[in-house]
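Asker: Chain by chain, the residues:
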Amino acid sequence: MQFGHVAKLYDVAGDLEVIRHEVAAGLFADFSQAVTDVVIAAGDDAADDEAWSTLLRYLKKLRFVLSSTPLWLAHPSRHHCVGTLAEHERLIRDAELTRPAAMPALQRAFAYADQMHNEGSSELRAAAGEVMGELSTSSVAFLIKSPRYRTCVEGTLRSECGRRKIDLPTTVLAPSQLRTAGPYDVLIVFGPTMWYPPHLLGSPRAQTIHVFAHDWIRDSEPPRLRFSGAGGHDVAPRRRDRSQRRVGAGARSAAVSVEGSDLLPSIDIRRLRELSSSGSQSEADPVVEARVFVLEGQKGVFLGSDDGSSRFTIELEGRDASVRRVPVSQIEEGTFLVLRTEGSGDYVRTMADRILAGRGATLRSAQERWKQPLRFMIRRCGSKRQAGRVLSALAVPQATPGNLARWASPENICTQDKTTFVALTRALEVEYDPEVMWHQMHEIRAAHTAAGAAIKNQLLERIQEADLGELRADGVMTFTLEAGVGGTLTAFRVNQVGTETWEVDSSQVGQPFELDA
Amino acid sequence: MSQAGPIVSAAGKNASDRTRPNGVSRQVLDGVLFDGKPLPPFGQFLHDVGAWAAVAAHEKRSLHVGLLLPTDAYAAVLVALGAAVRRSDLAPLSGGEDAARRLDQLSRLEIGEPVWFLDRGRKYKAFYEGTAAGSDGVVRTLVRTEGHGGGGLTRHLPAERILDVVPASEAAWEDLPLSQKGVALRGSPELVEAVFGREVNAVLTVPRVDAVVVGRKAVVVEDLDLPCSSASGEGHLCDLVRLKEAGFGSSYRSRWISARSTNLDEVASATHRPVVVLNGATNHLDGFYRAHGCVTVSVMGAAEPQSMEAVEDLQSALFMGTHRPGELPDGIRVPPGVSVFVMET
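Here the protein sequences line up with chains A and B, keeping their order. Going by this note's numbering, the first sequence opens with residue 1, and the numbers climb by one from there. Going by this note's numbering, the second sequence opens with residue 1, and the numbers climb by one from there.
Just to be clear, a hint being listed does not mean it is correct.
As the list claims (entries may be wrong) - A partial selection of chain A residues facing chain B, derived with a Cβ cut-off under 10 Å:
#, residue
1, A13
2, R224
3, S228
4, G229
5, R238
6, T478
As the list claims (entries may be wrong) - Short, incomplete list of chain B residues facing chain A, as computed with Cβ under 8 Å:
#, residue
7, G321
8, P325
9, M343
Unchecked claim - Pair ranges (Cβ atoms, derived):
#, chain 1, residue 1, chain 2, residue 2, range
10, A, T449, B, R324, 47 to 53 Å
11, B, E190, A, T480, 51 to 57 Å
12, A, Y432, B, E110, 48 to 54 Å
13, A, R163, B, E190, 16 to 22 Å
14, A, R426, B, L153, 46 to 52 Å
15, A, S261, B, V221, 38 to 44 Å
16, B, D119, A, G334, 46 to 52 Å
17, A, T480, B, D119, 36 to 42 Å
18, B, G331, A, V256, 40 to 46 Å
19, B, G137, A, K418, 26 to 32 Å
These aren't lab readings, by the way, just hints derived from the structure by calculation. Small disclaimer: the values here were computed from a predicted structure and weren't measured. Glycine is no exception: its CB is placed at the ideal position from the N, C-alpha and C atoms.
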């Protein structure tokens, strides 16, 4: 970041103007109220009904998109954003069969959606357009909650500029870009401030921030992060706040307000539970403990929580990018995580098997010859702690619960040192020469190292050719590697790292899935 | 082009011009332009915090300063700059002082403890064998070097060669360079002289680390490219904040290391304690407790994902009652929107 920009960031942090535009839009408020009604009428167990869960997901997503972007229902891009009404006719018929009592609310919601479609306007766009027309600077950026609509929103803003005959840049930022963006003279934010990280206003990236949100959305600004109490020395920034009410077409009396957080797409815990396989005890597909990582594009992925596994990540530094293989425990928010999105399984393992060629099957089977008895022993003992005690008593060094999780994981090749490996195979009564097996494991490890290097080189080549600005902006980028190397890999920005541990089949680890509730 | 060693004292200027009673140097950077402009208030603030931390380290206090900033860009290097410049004023190194310090270090070694012995430009593994008075009554230091086939040669070193013996355990932090070569200055020597107030070779050749930046090298590399100039010369910030990756024998005043590096433990136990700058919330969380007993400054961007955890971590340390809240000197002007935390550890 340029030194002058840093100086301006400090100036901005010390003197900020926040202008809140409360946008009244009667029809959309009515639609929102109808969506709330239908969610209540359908009940909690509607999530178990395919038709109802799909319809509710559609309505909630529609409400979120229209409250978080200047897009409107008849926008040409809406098909890419939220699907079409016609797609849901069959589901509406199915829904009537299971919950007839909830149908009036559902029909009302769809009737409002039809009206909005016919009106074809966005009050957020109209209100923001007025402000855009009055700006006397071209140092402007826009902020939306969900980066997946960035392209649609940029197009809309460009056409709004054209309509008003103004020449403004239409840079649309995602929340994760706020850390490194700016400084700007003006930032135009769509949606309530509670949707954004506290540093939106606590450590701002623009001198003036316009917040456009519907007046029926309840907002509460998160407190500024600061040191407080004894030892704290805080110079409060100067801040000027003002509100403006903007009335859109067709505005009527205010509907019941909705908490801003209730509008956000949420992680589908039920889906996580479905994927979590605490009951599965298959030998071929062992259960592993994993944490969920929330990725850009409302996707999630399970990655081993304590098995010592590592993943490729892309690090963007200025105009350069580097590829690193880092332990899962070190992957944090903002990291670009590389996952295989075409084909199944771990890409390094797949590539390593190709390197091992004809020996692969023999060596993998040798690997299972000691891993399976180990997994069986852990299950029989009831916990890794207990299994560790038993193995320690059998003179296996370093038999800690963490190490047992690592050794049993399919992601792990074998123990770090030979003495431990020999002791472990003897304790597990594996009927093969441990020396021979150790050499076999060594062969697998060498193949994994070679595979990792090949994939890393290929990724680096692809990255050199790619537009990294796009990766920064979208948070997602797909790389197709040479045939036989790794297929298609996708770099996703990690938006959240789950703290809870789930038990999942090992085959699910590293496989991205949809998270939308 | 000059060869670069560490940055040393700026005793060439009138000390009263360079310092205030609270230990904050105020006018050192007057006339120095950063990116073509005088140091802006945020830069002066960060420099002053570094200078104050250097005073605290010199006084052997144990202190932690947390800075929550709009951005962490340039923060670590400006704090390190303040520390290096101020420490030079406070404790100008001289050969005599170095030798006394080295003797003190060696006297605390057990017989047989490993040392490095530097002889005619080469480094040898050796063992400290104590001291012995010769027939002339002069006390010499005994060092046994390892021979290829076992055994070895015991050297009786006079006082003037004491700096050629480096305790192996402390060598990484405060001792001799293996050679006086370093990374060449990118800019003109006059810039260094203007900031440090001393002839450039004297600035660049004395080995001592005054600031350690804990974090990833790539994060600060761009910051060090900042153009700097004085009326007499031009250069870059890297010419003033001479950062070099940690390693034995490097003759640099400031270093960066990883928060996971074992070197961080060495910093906390070194005789001459540098100011430790933990660059970013993640490095604060990894390094704070390991650098305990030092003067540490955590620089954190308020937008960093782990800043909240780092803030809670610091405030809870105070809540536990093991540390005391500290005060910021009056002379340091905190810019609006910046939050500072001071704790005596």
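Asker: Now look at each hint and say whether the structure bears it out.
Answerer: The hints, checked one at a time:
1. Annotation: interface hint on A13 of chain A holds; nearest CB of chain B at approximately 3 Å, less than 10 Å.
2. Taken as an interface hint, R224 of chain A checks out: its beta carbon lies about 8 Å from the nearest beta carbon of chain B, inside 10 Å.
3. Interface restraint check for S228 of chain A: the shortest CB-CB distance to chain B comes to about 7 Å, inside 10 Å, so the restraint holds.
4. At about 7 Å, the closest approach between the beta carbon of G229 of chain A and any beta carbon in chain B falls short of 10 Å, and the interface hint on this residue holds.
5. Hint status for R238 of chain A relative to chain B: holds, with the closest Cβ pair at about 6 Å, below 10 Å.
6. Nearest Cβ of chain B to the Cβ of T478 of chain A: about 25 Å, over the 10 Å cut. The hint is violated.
7. Given hint, G321 of chain B at the interface with chain A, is violated; its Cβ is 11 Å from that chain's nearest Cβ, farther than 8 Å.
8. Hint status for P325 of chain B: holds, given a least beta-carbon distance of 4 Å to chain A, under 8 Å.
9. Taken as an interface hint, M343 of chain B checks out: its beta carbon lies about 5 Å from the nearest beta carbon of chain A, inside 8 Å.
10. A C-beta distance of roughly 51 Å is found between T449 of chain A and R324 of chain B, which places it inside the suggested range of 47 to 53 Å.
11. Distance hint check for E190 of chain B and T480 of chain A: the Cβ-Cβ separation is about 54 Å, which falls inside the suggested range of 51 to 57 Å.
12. Taking the beta carbon of each, Y432 of chain A and E110 of chain B are about 49 Å apart, inside 48 to 54 Å as hinted.
13. Take R163 of chain A and E190 of chain B: their Cβ atoms lie about 58 Å apart, and the range 16 to 22 Å is violated.
14. The beta-carbon spacing between R426 of chain A and L153 of chain B, approximately 49 Å, falls within the hinted interval of 46 to 52 Å.
15. Distance hint for S261 of chain A and V221 of chain B: a CB-CB separation of about 40 Å, consistent with the stated range 38 to 44 Å.
16. Remark: the range hint 46 to 52 Å for D119 of chain B to G334 of chain A is upheld by a beta-carbon distance near 50 Å.
17. Checked against the given bound of 36 to 42 Å, the beta carbons of T480 of chain A and D119 of chain B, roughly 58 Å apart, lie outside it.
18. For the pair G331 of chain B and V256 of chain A, the supplied restraint of 40 to 46 Å is violated, since their beta-carbon distance comes to about 56 Å.
19. G137 of chain B and K418 of chain A have their C-beta atoms about 58 Å apart, which leaves the hinted 26 to 32 Å range violated.
The earlier numbered hints that this structure contradicts are 6, 7, 13, 17, 18 and 19.
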